[in-house]
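Chain A is already provided as a structure; the job is to place chain B on it using the hints.
As a plain string of letters, each chain reads:
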Amino acid sequence: MIVRILGEGQFQVPDEVAAKLTALDSELDAAVHKADDAAFHAALGQAVGLVRESGTTVPADTFVTADYILPFSDATIDEVRKLLADGTLGGDSIGLP
Amino acid sequence: MPPGAALSGMKGTAASMSVMKRVSLIFRAKANKALDRMEDPRETLDYSYQQQVEMLTRVRRGVADVATSRKRVELQMNSLQKEVDRRDSQARDALSKGREDLARAALQNKAGLQGQLNDLQGQYANLQEQEEKLTLASQRLQSRVDAFRTRKETIKATYTAAEAQTRINEAFSGISEEMGDIGLAIQRAEDKTAQMQARAGAIDELLASGALEDHVGGQQDAIQAELDKLGATNSIEAELAQMKGEIAAGAPRQIEANSNNGDSNGSEATRAAEQPQAGDGS
Numbered sequence: 001m002i003v004r005i006l007g008e009g010q011f012q013v014p015d016e017v018a019a020k021l022t023a024l025d026s027e028l029d030a031a032v033h034k035a036d037d038a039a040f041h042a043a044l045g046q047a048v049g050l051v052r053e054s055g056t057t058v059p060a061d062t063f064v065t066a067d068y069i070l071p072f073s074d075a076t077i078d079e080v081r082k083l084l085a086d087g088t089l090g091g092d093s094i095g096l097p
Numbered sequence: 001m002p003p004g005a006a007l008s009g010m011k012g013t014a015a016s017m018s019v020m021k022r023v024s025l026i027f028r029a030k031a032n033k034a035l036d037r038m039e040d041p042r043e044t045l046d047y048s049y050q051q052q053v054e055m056l057t058r059v060r061r062g063v064a065d066v067a068t069s070r071k072r073v074e075l076q077m078n079s080l081q082k083e084v085d086r087r088d089s090q091a092r093d094a095l096s097k098g099r100e101d102l103a104r105a106a107l108q109n110k111a112g113l114q115g116q117l118n119d120l121q122g123q124y125a126n127l128q129e130q131e132e133k134l135t136l137a138s139q140r141l142q143s144r145v146d147a148f149r150t151r152k153e154t155i156k157a158t159y160t161a162a163e164a165q166t167r168i169n170e171a172f173s174g175i176s177e178e179m180g181d182i183g184l185a186i187q188r189a190e191d192k193t194a195q196m197q198a199r200a201g202a203i204d205e206l207l208a209s210g211a212l213e214d215h216v217g218g219q220q221d222a223i224q225a226e227l228d229k230l231g232a233t234n235s236i237e238a239e240l241a242q243m244k245g246e247i248a249a250g251a252p253r254q255i256e257a258n259s260n261n262g263d264s265n266g267s268e269a270t271r272a273a274e275q276p277q278a279g280d281g282s
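Residue numbers (our numbering), protein chains in the order written: chain A, 1 to 97; chain B, 1 to 282.
Taking CB as the label site, the calculated pair distances span:
1) A:T57 x B:R199: 33 to 39 Å
2) A:K82 x B:E170: 27 to 33 Å
3) B:E132 x A:Q12: 21 to 27 Å
No wet-lab data here; the hints were simulated from the structure.
Built from N, CA and C at the ideal position, the CB exists for glycine as well.
So here's chain A without its partners, still in its complex pose (with noise of 0.2 Å):
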């Protein structure tokens, strides 16, 4: 599986940690839903973690897309539902065509 953390690019990992991160994924939105930001950081770190430990870098001349986009590794809660809110990203300044 193909796992991104924004700013960091994107890693190949092994199906069982796939796994992992899909229950650390639930924890991560439960956080969010909650404000919870103990537990939002602690999912957070775990799942970057895992990511940059168990994964391998993609080359850069093999283009894919990510089926995981990890936020960034020290984002906040308010960063994450401004990234979710209404399938937007805030427009023409994240530079997608």
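Only chain B this time, still in chain A's reference frame:
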């Protein structure tokens, strides 16, 4: 997946979906939407490449901006450190002159300044981190853009139209995600830099106006003024004492000076001064 499928799929289930999956779908939807607008596959590749080159310029400018901001904070930290040191020596000076009240005021000022300094140090570390991350992102994008350029030419030269469309979609979506990522990273760095600039501007003004002391402690150079006054008082006292001493010893000397007009013999003059002669002085 046809273009736009990710977006419509996401809209139906967004509420129940996870964070990481949703973010990936948002990125994909953006890319698909852009693909939908393109009619000619070649146009897609060239347009995307042009965007990538612009993005590279942006990220490099971003790195430079963060570095400038970081250096400015560095200078401010030095200035604040000097102010902190100055308060410290003021406190010692005051204490040595027996003015505990002044020493306390100086230390209060010092604590306020130290707080500002600690705050700046935190901001500095943050900017350093942003700079490092953005530098890495810039290098990553550069490699990607180089690879994309090669891919673009290969696709144009080798593939049939039908194959090309699939390859183009892959390459375009892949690079779009990278661009979206880096765009966000730049935006973030810019936000943090702007916040820092605002703070830096305020502190620069305070340092320049000399109002930092008042701002922090409320009564700065009252302290220095008082210490200076103490210093001046001490030196006046010392001068007075010296004068008194001179006068005590100097009254006979005055007489001696009058009595020895034209006398070039020093030892005689001394004797004369010690034994005033009759008729002299009145």
